[in-house]
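Order-wise, the sequence lines are chains D and Z.
Each residue of the first sequence is one higher than the one before, counting from 57 in the numbering used here.
Each residue of the second sequence is one higher than the one before, counting from 450 in the numbering used here.
These are computed hints drawn from the structure, not numbers from a lab.
All values derive from a computational prediction rather than experimental measurement.
Check the hints yourself; a few may be wrong.
[Said to hold, decoys possible] Calculated cross-link-like contacts (lysine-lysine; reagent style DSS-like; alpha-carbon spacing at most 30 Å):
1) Lys497(Z) <-> Lys365(D)
2) Lys269(D) <-> Lys290(D)
3) Lys100(D) <-> Lys605(Z)
4) Lys99(D) <-> Lys605(Z)
5) Lys100(D) <-> Lys497(Z)
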Amino acid sequence: MSQSAVPSFPRHLLDFSDWNRGQVESILETAQMMQEVLARPVKKVPALTGFTVATVFFEPSTRTRLSFELAARRMSADVLSFATATSSTTKGETYRDTLRTLEQMGIDAYVIRVDAAGVCHQAYGWLHKPVINAGDGWRAHPTQALLDAFTLRERLGSLEGKKIAIVGDILHSRVARSNAELLTMLGAQVVACGPATLLPGSLPGATLTTSLKEALLEADAVMALRLQKERMDKGLLPSLPEYIAAYQITQERLAWARPLAPLLHPGPMNRDVELEGTLADSPQSLVERQVANGQAIRMAVLYHLLVGKRS
Amino acid sequence: MKFKSRLLGDDEVRRALTRIAHEVVEKNKGTEGLCFVGIHTRGISLAKRLVDLVEKFEGKQAPMGILDITLYRDDLSEIGLQPRVRETRIPFDLNGKAVVLVDDVLYTGRTARAALDALIDLGRPSRIYLAVLVDRGHRELPIRADFVGKNLPTSKSEVVKVKTLEDDGEDAVELWELEGA
Numbered sequence: 057m058s059q060s061a062v063p064s065f066p067r068h069l070l071d072f073s074d075w076n077r078g079q080v081e082s083i084l085e086t087a088q089m090m091q092e093v094l095a096r097p098v099k100k101v102p103a104l105t106g107f108t109v110a111t112v113f114f115e116p117s118t119r120t121r122l123s124f125e126l127a128a129r130r131m132s133a134d135v136l137s138f139a140t141a142t143s144s145t146t147k148g149e150t151y152r153d154t155l156r157t158l159e160q161m162g163i164d165a166y167v168i169r170v171d172a173a174g175v176c177h178q179a180y181g182w183l184h185k186p187v188i189n190a191g192d193g194w195r196a197h198p199t200q201a202l203l204d205a206f207t208l209r210e211r212l213g214s215l216e217g218k219k220i221a222i223v224g225d226i227l228h229s230r231v232a233r234s235n236a237e238l239l240t241m242l243g244a245q246v247v248a249c250g251p252a253t254l255l256p257g258s259l260p261g262a263t264l265t266t267s268l269k270e271a272l273l274e275a276d277a278v279m280a281l282r283l284q285k286e287r288m289d290k291g292l293l294p295s296l297p298e299y300i301a302a303y304q305i306t307q308e309r310l311a312w313a314r315p316l317a318p319l320l321h322p323g324p325m326n327r328d329v330e331l332e333g334t335l336a337d338s339p340q341s342l343v344e345r346q347v348a349n350g351q352a353i354r355m356a357v358l359y360h361l362l363v364g365k366r367s
Numbered sequence: 450m451k452f453k454s455r456l457l458g459d460d461e462v463r464r465a466l467t468r469i470a471h472e473v474v475e476k477n478k479g480t481e482g483l484c485f486v487g488i489h490t491r492g493i494s495l496a497k498r499l500v501d502l503v504e505k506f507e508g509k510q511a512p513m514g515i516l517d518i519t520l521y522r523d524d525l526s527e528i529g530l531q532p533r534v535r536e537t538r539i540p541f542d543l544n545g546k547a548v549v550l551v552d553d554v555l556y557t558g559r560t561a562r563a564a565l566d567a568l569i570d571l572g573r574p575s576r577i578y579l580a581v582l583v584d585r586g587h588r589e590l591p592i593r594a595d596f597v598g599k600n601l602p603t604s605k606s607e608v609v610k611v612k613t614l615e616d617d618g619e620d621a622v623e624l625w626e627l628e629g630a
């Protein structure tokens, strides 16, 4: 069979620190090909026949887990779904024991979501199999960033030199961290914006600002983040109306950005909080496209982490 | 790899494709329901040629698609092998069509097997033919071609390289020897 090999890939997708631009571009290119599979009447290919993928969710999530499981099934992998609502007090041993138990069941790759940062990195040492981080604490959510980059490129073409504004609770957002890491790797200029209490001391790759106008001005794309209402209980937000007054993306404020700048949101959305009224349903909104692209991205990630690497 | 000899030149490739185009039309009794699907990479260029030749002889352009078989390979769990996934695009309905699958070389038959599975996932053609420029033997599966440009007996330590104008700047078939084989 004719060969056309791709560059070798890290064994894990924990964040993008082990990944280079060429490898990321290959994932995005493969995801493009997976779109074709998803457009078929029979949305299934035999590429991962015989592989078993475990989705291990220590923190509740619906869309990410379903998206990964469907992606694995579309590639003909078997899926073991493990979800638990562990309290954050039972860390360490519990995670390790749970994962080691699964290891005995012949799992070929692990998709892990956990509320504590760094558990996916540890899991890699415990399991000796590919680990895909599906979100660890505030730290990283690499497949979300990949699907965001993919969605942005569909609309904008190359991200080289493009200004992408990320707005909301940057401090507690793994989505913001992974996007800052990935989008800058792809040549974009990332500006993260939110109230001072919700901005981190620094965000590698990104510029920080508390001024929404500064962030949106001439932006090529705008990404709003989910505002977690429990943040208010910790006194980080004075009130919801105050946040809305200063940081809600409205039709009027979106006009500061470039004409027809696409609008993204990783979901789940609080309507009328992060985005004004029906903005999420407007032609500028790529929110639904993001969900659709998520599956193709996860198929591509599974392909590159599993194929050619069985041990 | 070491170059051994040039097996076919551009005239011979042209004649072989011309003959295949005639045979396809003859076997299909015209161009009714006829379509071509080229397998990456050289199969695509060869399929385009066949479409053009059939159009020249019959005055009718047959629809053409391209097929990537990567996700259907039977060796994806082998260590160290990670082929690039390329585009599949069949811009017409395959149902009820007479499909001519086009590849450059028929060897083990594994690519053709994968292509058949891929094609059948995309629709239900009434008939699938296989056309290859070179059949070099050494089949590992019960697969044969319906249209063959040239039968070339080879040894397993040899490599048959098909070059096309579109992909390589010239039409030729060359024999190479695997280094250290």
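Within 30 Å, alpha carbon to alpha carbon, are Lys99(D) and Lys605(Z)?
At roughly 37 Å apart (the allowed maximum being 30 Å), Lys605(Z) and Lys99(D) break the hint.
Could you grab the alpha-carbon distance between Lys269(D) and Lys290(D) and see if it respects the 30 Å cut-off?
Answer holds: Lys269(D) to Lys290(D) is near 27 Å, not above 30 Å.
Does Lys497(Z) pair with Lys365(D) here, judged by a C-alpha cut-off of 30 Å?
Since the Cα atoms of Lys497(Z) and Lys365(D) sit roughly 36 Å apart, the hinted pair is violated (cutoff 30 Å).
Under the criterion that the straight-line Cα-Cα distance not exceed 30 Å, is the pair Lys100(D), Lys497(Z) satisfied?
Cα-Cα ~28 Å, so holds.
Agreement of Lys100(D) and Lys605(Z) with the hint, judged by alpha carbon distance not exceeding 30 Å:
Violated, at roughly 34 Å.
This entry does not satisfy hints 1, 3 and 4, going by the numbered hints stated previously.
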